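Engineer: The listed protein sequences correspond, in order, to chains Y and H. Numbering of the first sequence is given in the numbering used here, commencing with residue 22 and proceeding in unit increments. Numbering of the second sequence is given in the numbering used here, commencing with residue 22 and proceeding in unit increments.
No lab work stands behind these hints, which were simulated from the structure alone. If you're wondering where the values come from, they're calculated on a predicted model, not measured in any experiment. Every residue, glycine too, gets a C-beta built ideally from N, C-alpha and C. Among the clues, some could well be false.
Said to hold, decoys possible - To be clear about the criterion: a stretch of chain H counts as covered by chain Y if any three or more of its residues have a C-beta under 8 Å from a C-beta of chain Y, and this derived list gives those stretches:
{"id": "1", "stretch": "49-60"}
{"id": "2", "stretch": "110-118"}
What the hints assert, rightly or not - Far from chain H by the CB rule (all over 10 Å, computed), these chain Y residues:
{"id": "3", "residue": "F62"}
{"id": "4", "residue": "E102"}
{"id": "5", "residue": "K118"}
{"id": "6", "residue": "Y155"}
{"id": "7", "residue": "L189"}
{"id": "8", "residue": "R227"}
2 protein chains.
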Amino acid sequence: MSIVLYDLAGREDRRFGPTCWRVRMALAHKQLAFETVPVRFLDIRGIGGEEGSPGFRTVPTIRAEGRWITDSDAIAAWLEEAFPDRPTLFGGEGGRKLTDFFRQWVQQILHAQIVRMVLVDVHDHLADAQDQAYFRETREALFKAPLETVAAGREARIEPFRASLEPLRQTLKDRPFLGGEAPLHADYMVLGAFQWARTVSPFAARLLAADDPLRAWLGRLMELHGGLAGRAVAYPL
Amino acid sequence: MSIVLYDLAGREDRRFGPTCWRVRMALAHKQLAFETVPVRFLDIRGIGGEEGSPGFRTVPTIRAEGRWITDSDAIAAWLEEAFPDRPTLFGGEGGRKLTDFFRQWVQQILHAQIVRMVLVDVHDHLADAQDQAYFRETREALFKAPLETVAAGREARIEPFRASLEPLRQTLKDRPFLGGEAPLHADYMVLGAFQWARTVSPFAARLLAADDPLRAWLGRLMELHGGLAGRAVAYPL
Chain Y
22 MSIVLYDLAG REDRRFGPTC WRVRMALAHK QLAFETVPVR FLDIRGIGGE EGSPGFRTVP
82 TIRAEGRWIT DSDAIAAWLE EAFPDRPTLF GGEGGRKLTD FFRQWVQQIL HAQIVRMVLV
142 DVHDHLADAQ DQAYFRETRE ALFKAPLETV AAGREARIEP FRASLEPLRQ TLKDRPFLGG
202 EAPLHADYMV LGAFQWARTV SPFAARLLAA DDPLRAWLGR LMELHGGLAG RAVAYPL
Chain H
22 MSIVLYDLAG REDRRFGPTC WRVRMALAHK QLAFETVPVR FLDIRGIGGE EGSPGFRTVP
82 TIRAEGRWIT DSDAIAAWLE EAFPDRPTLF GGEGGRKLTD FFRQWVQQIL HAQIVRMVLV
142 DVHDHLADAQ DQAYFRETRE ALFKAPLETV AAGREARIEP FRASLEPLRQ TLKDRPFLGG
202 EAPLHADYMV LGAFQWARTV SPFAARLLAA DDPLRAWLGR LMELHGGLAG RAVAYPL
């Protein structure tokens, strides 16, 4: 099967899309070969061109054997159904349902905090001035403030961020991955959030204390699938 | 099968143990008949008497066909294994693993906030002066402060509490229960936290805004299994 992942990219081929990372890890988890096509924000609308109509897409999007699938959750669901005999992403129907809760937690707790710490860094690492202008305009409209204002005072947000990860720490006390001996899609959701930070921001190194046990877990995730996440163009975590 | 649940109880037979509620709902979910034995905090050590040695237990504890099982997670795990053909509590291995994360979230987010709002109310609704003295002594040692100090200023904690439930609200937008069409043990964990509050505290009515969509979900959970949770001796939610 030929699979192509349209993957958000900045300068120096920094792949910073957190949900793109979920898909990249999920494809590798299902032992599928795939290529990635780096796209800027301004390229997203045109993914697939004529063939990919009706036009407006988001990333991640994959093309697999002529089929277009957009949205990381839809892609993960399709992978689980299309490749039931490969390693599981959800571990059954209950896991799939609770992954929906987990995703909400990742979005509302992890992403909501990380974005306020790395927003300017994302901007500064985009591919070119056009993408930067688009990003600034759309994100400033979203946050109703200049990027620099949103990201100001991030030092003071480190401790609350670290504290908010405690449910992960407690869960991981007796197992190498959230999923047990093997990772689940939930593991990749958190990895994606940290990849987002470290691909664009030197501040990523501050997200976890030096002795945080989550470092070992993220290290394991970065080593998986031939070091797929670990070898990305990125700052140190 | 004859099953007995040792269940934390206060005056007027208020069953306020949040993890006891998880077990009570899990037993009903598995369509098992069971009796409950109300216990005070001071009774816990003696559960089972000679027969139940080695003595120190916690609640919930169940006795099922001569077997003693203590701890709500151990009980749920046993129920799932012993009754695989009855409705599932986890929905497979992935669900079981992610339930561990969910439990940590419930403990650290819901329980940690609720306890600071209802601690004095728990005390005031205990069965007798002896249990109250035990509760005050042990909890004040734990919190390193008088109960009244821990629970002070709870009005100001309502909004952050409500905001912290947002991952639940988002997940429940497209389904009647966290588990989908049917509840999972995760649903009962949150129900247990609210049962804890409402069985002892008039303040329970303040936990959710009048128009919070979580009310409908909790209402559904309270109606399950013949209204098992809904008909408990309790204040309005």
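Engineer: Each hint should be assessed against the structure and marked as holding or not.
Structural biologist: To see whether the hints hold, each was checked on the structure:
1. Taking a C-beta to C-beta cut-off of 8 Å, the stretch 49-60 of chain H contributes 0 residues in contact with chain Y, too few for the three needed, and the coverage statement is violated.
2. With 8 residues carrying a beta carbon less than 8 Å from a beta carbon of chain Y, the stretch 110-118 of chain H meets the three-residue requirement, and the given coverage holds.
3. Consistency note on F62(Y): stated as away from chain H, and its beta-carbon is indeed over 10 Å from all of that chain's, at 25 Å minimum.
4. Residue placement check: E102(Y) keeps its beta carbon more than 10 Å from all beta carbons of chain H (closest about 15 Å).
5. The beta carbon of K118(Y) sits about 5 Å from the closest Cβ of chain H, which is not more than 10 Å, so the claim that it is off the interface is violated.
6. With a cut of 10 Å on Cβ distances, Y155(Y) stays outside the contact zone with chain H, its closest approach being about 27 Å.
7. At the 10 Å boundary, the C-beta of L189(Y) falls inside the reach of chain H, the nearest C-beta of that chain being 7 Å off.
8. Listed as a non-interface residue, R227(Y) keeps its Cβ farther than 10 Å from every Cβ of chain H; the least gap is roughly 23 Å.
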